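*Asks:* Chains as they are written, first to last, in the numbering used here: chain A, 197 to 308; chain B, 1122 to 1240.
Treat each hint with caution, since some may be false.
Stated by the list, open to error - Residues on chain A that point at chain B, a partial pick, calculated with CB under 7 Å: (1) F230; (2) L242; (3) K245; (4) A249; (5) K252; (6) F298; (7) G299.
Said to hold, decoys possible - Sample of chain B residues with no beta-carbon within 12 Å of chain A, all distances over it, derived: (8) Q1127; (9) P1129; (10) G1163; (11) T1191; (12) Q1227.
Claimed, not checked - Which stretches of chain B does chain A cover? Using the computed rule of at least three CB atoms under 8 Å from a CB of chain A, they are: (13) 1136-1150; (14) 1183-1189.
Please keep in mind that the hints were generated in silico from the structure rather than gathered at the bench. These numbers come from a predicted model, not from an experiment. In this text, a Cβ means the ideal position worked out from N, Cα and C, and glycines have one as well.
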Amino acid sequence: GNSVTQMEGPVTLSEEAFLTINCTYTATGYPSLFWYVQYPGEGLQLLLKATKADDKGSNKGFEATYRKETTSFHLEKGSVQVSDSAVYFCALSKDGGFKTIFGAGTRLFVKA
Amino acid sequence: NAGVTQTPKFQVLKTGQSMTLQCAQDMNHEYMSWYRQDPGMGLRLIHYSVGAGITDQGEVPNGYNVSRSTTEDFPLRLLSAAPSQTSVYFCASSPLAGAGERGYNQPQHFGDGTRLSIL
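Based on the sequences and whatever the hints tell you, model everything.
*Replies:* This is how it looks when you write it as structure tokens:
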């Protein structure tokens, strides 16, 4: 079946460090891939998306490239800020958006 | 622009009690869903609906009921609360994938969640 695996956290970085959160997926066909972010006490918000192979999603300095050959969608940011501290979820969706599959989430702490 | 509104934000129940978690969206989205979020397990789909009068089960439907009488509202009912249902519950909505957009699936809009404790 479809599944998403992302690196376990928590990830602790100093401000301005480089961030990578790994995400791999298992799915048939052509899923769409997403990164969502959850700030404390809030629901998930879409961070970026990619809908086909080699697409690069980007937003707020975050980037992720849809790699079909390695079934990966790793999240990167060149210089993190304290305000980026949150939980990040990788997700896939197909068949019209039904039954979006989420990874377990990776908590990021950024120290000043 | 309210988006997806969930009520209540917090609730404590005793085992065996029933209650309804409310969810409303004002974006005219066809698709609505309920998830539960537990530590280390991400979000798991409980039930979903693709339009008024149409609902279906997700990954973990046992102990929960839903109905969709209007496009806007999608309440989740706990019939007889159990401690295993202690969790944070999220409602989400999205438009259905557009015609001609092969493989494109719309991202979901989430409410702020309901934190439920069952004693």
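*Asks:* All hints, please: hold or fail.
*Replies:* Hints, verified against the model:
Of the supplied interface hints, the one on F230 (chain A) holds, with its beta-carbon coming within about 6 Å of a beta-carbon of chain B, less than 7 Å. A cut of 7 Å between beta carbons decides the hint on L242 (chain A): the least distance to chain B is about 4 Å, and the hint holds. The interface hint given for K245 (chain A) is met, as the beta carbon of that residue sits about 6 Å from the closest beta carbon of chain B, less than 7 Å. With its C-beta approaching chain B no nearer than about 10 Å, A249 (chain A) sits outside the 7 Å limit, and its interface hint is violated.
A distance limit of 7 Å between C-beta atoms decides the matter here; for K252 (chain A) the minimum to chain B is near 16 Å, and the interface restraint is violated. Interface hint at F298 (chain A): satisfied, since its Cβ lies 4 Å from the closest Cβ of chain B, which is below the 7 Å cut-off. Taking 7 Å as the C-beta cut-off, the interface hint given for G299 (chain A) holds, the closest approach to chain B being about 5 Å. Its beta-carbon lying about 8 Å from the closest one in chain A, Q1127 (chain B) breaks the requirement of being farther than 12 Å from that chain.
Against the 12 Å criterion, P1129 (chain B) stays outside the reach of chain A, whose nearest CB is about 14 Å from its own CB. At roughly 4 Å from the closest C-beta of chain A, the C-beta of G1163 (chain B) falls inside 12 Å, breaking its exclusion from the interface. Remark: the non-interface label on T1191 (chain B) is consistent with the geometry, its nearest Cβ contact in chain A lying 20 Å away (cut-off 12 Å). Not every Cβ of chain A is farther than 12 Å from the Cβ of Q1227 (chain B); the closest lies at roughly 5 Å, contradicting the non-interface assignment.
Under a criterion of three residues with beta carbons nearer than 8 Å to beta carbons of chain A, the stated coverage of the stretch 1136-1150 of chain B fails, only 0 such residues being counted. Coverage of the stretch 1183-1189 of chain B by chain A is violated [criterion: at least 3 residues with CB-CB distance below 8 Å; count 0].
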